[in-house]
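Let's have the full structure, built from the sequences with the hints guiding it.
Number of protein chains: 2
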Amino acid sequence: MDPSLIPFFQPKGIVVIGVSGNISKLGYGVARNLVNSGFTGAIHFISKRRGNLFGRPIYNNLEEIPDPVDLAVLIVPAPGICEALAEVKYRGIHAVIVISSGFREVGEEGEKLEREMMRIASESNIRLVGPNCIGLLDTHLPLDTTFLPPPMPVAGDVAFISQSGAICAAIIDWARGQGFGFSRLISLGNQPDVNETDILDAVVEDENTRVLTLYLESVNDGKRFVEVAKRVTRQKPIIALKVGRYASGQQAAASHTGALAGRDIAYQAAFKKTGIFRASSTEEMFDWASALACCPLPAGRSMAVLTNAGGPGVIAADALEINGLTLAELSPSSHSQLAALLPPAAGLHNPIDMLASASPQLYANCLKILVDDANVNGVMVILPPPPTHLAEEIADALIPIIHTSFKPVVIALMGEYLIKTASIHFRMARVPEYRFPERAASALSVLVKRSEFLNLKEEKTFIFQDLKTELAREILKKIKPGNWLGQDSVQLLMKSYGIPCSEIKLANNATEARDFSQEIGFPLVLKVASADISHKSDVGGVLLNIQTPQETEIGFNKIIKNVKLLDPEARLDGVYLQRMSPEGHDVIIGSIHDMQFGALIMFGSGGVEVEGLRDIAFSLAPLNKTEGLNLIKETWAGEKLFGYRNIPRADVDAVQEILIRLSLLVSNLPEISEIELNPLRVFTSGAIALDVRVRV
Amino acid sequence: MDPSLIPFFQPKGIVVIGVSGNISKLGYGVARNLVNSGFTGAIHFISKRRGNLFGRPIYNNLEEIPDPVDLAVLIVPAPGICEALAEVKYRGIHAVIVISSGFREVGEEGEKLEREMMRIASESNIRLVGPNCIGLLDTHLPLDTTFLPPPMPVAGDVAFISQSGAICAAIIDWARGQGFGFSRLISLGNQPDVNETDILDAVVEDENTRVLTLYLESVNDGKRFVEVAKRVTRQKPIIALKVGRYASGQQAAASHTGALAGRDIAYQAAFKKTGIFRASSTEEMFDWASALACCPLPAGRSMAVLTNAGGPGVIAADALEINGLTLAELSPSSHSQLAALLPPAAGLHNPIDMLASASPQLYANCLKILVDDANVNGVMVILPPPPTHLAEEIADALIPIIHTSFKPVVIALMGEYLIKTASIHFRMARVPEYRFPERAASALSVLVKRSEFLNLKEEKTFIFQDLKTELAREILKKIKPGNWLGQDSVQLLMKSYGIPCSEIKLANNATEARDFSQEIGFPLVLKVASADISHKSDVGGVLLNIQTPQETEIGFNKIIKNVKLLDPEARLDGVYLQRMSPEGHDVIIGSIHDMQFGALIMFGSGGVEVEGLRDIAFSLAPLNKTEGLNLIKETWAGEKLFGYRNIPRADVDAVQEILIRLSLLVSNLPEISEIELNPLRVFTSGAIALDVRVRV
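Those protein sequences? They're chains A and B, same order as listed.
Here the first sequence stands for residues 1 to 696, numbered as in the working numbering.
Here the second sequence stands for residues 1001 to 1696, numbered as in the working numbering.
Simulated from the structure, these hints should not be mistaken for laboratory data.
In this text the structure is predicted, and so the values were computed from the model without any measurement.
Glycine included, each C-beta is placed from N, C-alpha and C at the ideal position.
Heads up, none of these hints are tricks.
Label-pair distances were calculated between CB atoms; the ranges are:
(1) A:653 / B:1460: 56 to 64 Å
(2) A:359 / B:1406: 49 to 57 Å
(3) A:484 / B:1673: 57 to 65 Å
(4) A:581 / B:1349: 47 to 55 Å
(5) A:482 / B:1349: 30 to 38 Å
(6) A:691 / B:1580: 29 to 37 Å
Following this line, the structure appears as structure tokens:
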């Protein structure tokens, strides 16, 4: 953790500036929560009016306050913020939480005020959380600087970091009802100083936190976020609920935080690169979090389902399938053990249906057989209200088996009143329980994803010895920003990074064409070179399958003649010569520069399918070998390269190498704003770009 | 309603056979629930041991029981069922609920017993619900023949029909906790007699039921289900949770109910044809049900979001987009009214962010403006725990506006304890409330779907005057079941239904080829006819672009010579002649026969895309015009026919007509088991099948 952030998480003494005895004021709430939180360090209050609050004196100014004090919580009206901050500085405090609102989020005036506040903070080496936030909460320390109504959330092992205060408030209240525990809650507010990335780094070190959850509207610095998150996810899982996913959502995000939300595709790529799990709803985020916090990780995707009724078993089987998991094939030994225990009408084929009469002991015995089966990587136990036993008796029988298992076990506990006590027993025992099999299956799937992520070794970017970055930089230097490179420069640039590219020469006259044709080789294509002509074949401007130097010369003249006749206005630059390429798979490879995250690499189907089918995938540059291969596999265009039915396998390795080289080019030379190889033609052996466009 | 089912839903007197004084027996539970239910008709008990139960005498046999009695509930051990049924018959009762298990679901012995039971029931005109079920429950009558632990579910307007008893039990308990009310609950059990379709027909007439929900593992008679459901959905919405969706789920379903689950694609097509909404989870089913039961239907897809915080507003905007809804553009008048009411920092661009201080009155006033705006079709109100007011005060201010609005309003009520009272107020007022914006958005979207469904006029199947069904039947009669039709028969069959099909002639010698060529016209393709040769071009067996009768004759001889040289073993039937078709869009059209639902029509991309991309869609035959068009639109192959970028529009009308004609062919002639037009080539004007295969 950045040492300057330590006072936020391990303060020795806290001063609240702007407390109030008026119960409807936020300054009252903060004082109440801080006192009630059980914080063991010093707590001091400041207000304009002296007096007493919760048995403590209210001081008038910071100078009066005894040591230690290293964290200030400010709830003063926005216009007074700079004055308050000056006092804080004078008192030698370097960590401040500004709860107050009335800054950037209210418009131009507030933005000015926020800038002025930040100027003072920076000058004085003061770190600042907020403004316009709810504050910090740590259930283990304990500490609570929020103004939210009591009680505090239950202590737990999930940290929640939020860019929206209202979401924080709703989540705390909701989680309390779910019996869901938090380790820390951090409301970030407008984030002119401390932001989501700083907090990731600080929270991952917290020994009480096992999972980090994020409500994210945007990130402050995409590249730094990726770098930090990559490190953090190796230690602890991060789940993000990223909103502003769609056009309309983005609009709302922009008007809300005043921050420009990055393009969603870039966020998706950033999550993929860092191993952050993206939840699609708030409930999913916390369903996943409890599984990740409480369960061991499975070694594979084969799951067993243990149920006392057929219907929920069918739902579970469907749900596992939807989540990419499979129903385990039990070992013969498990099968015969189960057969010995269960009544004849029971279902011995996974899902194991013990029938409605299943006793607590039977539940426990069957679960033990399942977790001991080498073919089983994890278990979902289904528990609807049992007709002849109490659900909590079954819970109590299951819990010891679950606690001694090295495989994850999640519970689909169906119902409400009849399973309430069982639910409490499971929660106390840290066994994740979900109301329906669908949610339990999703939880098992995130455990599999986490396990697969950790099994992937960290992989360095592949190093090519032949990259000529200096040469490439020289080529780009000659181009004005915003402009497209000419064909000659494009060819040189591709060569400098070893990206195979079909040679194109511009001939100004027939003799030149003849000479170039011998350099390039046959068969050739001739195309008129003119910025004024968009449909070249319509004006007789294209000739295919030119076989000899003589045909080239004749062809040159023919094209010039055709075009002059059919489009006399067009300005002509000459005629392009290009070697004709044999048939192959046409794919598209490209890169665009994202303001937040840097270069994104795209791979997908060529032709109309790119837009019509959206058969494209993106990754953040630079790519390592696995990322290059995965990017290809994500699309139907890529799947076809591996061979499909009567389509033979194409040279996937060549495409992978080109993707990696291109990703290094755009990473090393961020001045490239856009680049497109369309098509890249892929053969049984080798691949070549037929048309390349590059913009600076 | 089938008159024979009336005693199940309006019994005059009920007898429970197999009551027990032992609290752990199901026979105790049924007696208790029936007495406690408040049922106003006669209630009688029968057991082997005389005595008293809940203040009523226990009789020994049915003869002793006074009139009226028209419904019997049986909880006798399975082996005694036939004897009990004989008594029931003797007493003149024609409606029976068999709660007992031990029948088909336990294996062969049980299946025999179930058949014997049904034999007696059929002979005696007894209608039978169950066996292996939980029974019936009607909260309005009221009536409760289940053995589930009390209390009864809250009275409501959603009926739940379930093929799984355990799901029933779990749902009743869960719904109680959600404050969710039911009108009727029907547990169907093994369904040898009364099944899901019978019940649909019976329940739709119930004036207390507004929405029908179904937990479905399979249907008994697909065609009847479709016919009944089409009628029912015109009156009241049906939501189905169909399980056994995936391969593994289907396996579990088969071993559970013993019924063969129809292919999921056929179910999907049946739901599409009938307007049944398919929920993807139990929670989604009931989220939708409460919206459909309580809300007026929206006139369009434009929704407004009213919030007191930015974050949840962003989540809502995202969620609306995911659900295919749009954020309404407010009218200028609404905009200025809102501007006048709200503080300067508020967000006036939909989602409307009133800021955290929003009072109950402000919530109400803003909601009024939104529902009165002609550009708004519905509203989502977001209510996280408000920092300075009570959530229930806001609920109370909103409810009168919602009650007088003709547009749907749903609430995203975020939290738990702090919104508990508000939640109760909303429930009492029949305003649907959801814990998170994601679920509220999904509820709005089902309202839109229902509205769009009801706006679609019922459309009769299009009648073509030129269909020659008798002729087609004659052609098919000559083919042995399981066999493929020869090309001549295929041609005649297609002609009989006016489906354009490229003519193919089989020539046995060069002279015949020459004569045929003049009949068919040029240019031609020649192909060797031999069942032994799979790759015709590899042995010189294909000649393209034949232009004259003379070339045809030469071509015939050349092919025979080539093939004899390169594949001397192959048996030759002659040479096929086919007119060469110009370039066009190749699509695939086909039909397969589903055991449950009859003929399914398929449309999709030709070539490897069919399987690789799964760019295909299915509908149940016969198709009306709208269904034909929708089937085309569901795929990317179809989208391209309408023109896309540089692809010109093709003759969609011709494809639509061919789809309808084909759907009539397979509906009128169910002996066709499989048919495939691959490819159907589509031109700017017209379309023609180049290759057709038909199996009987």
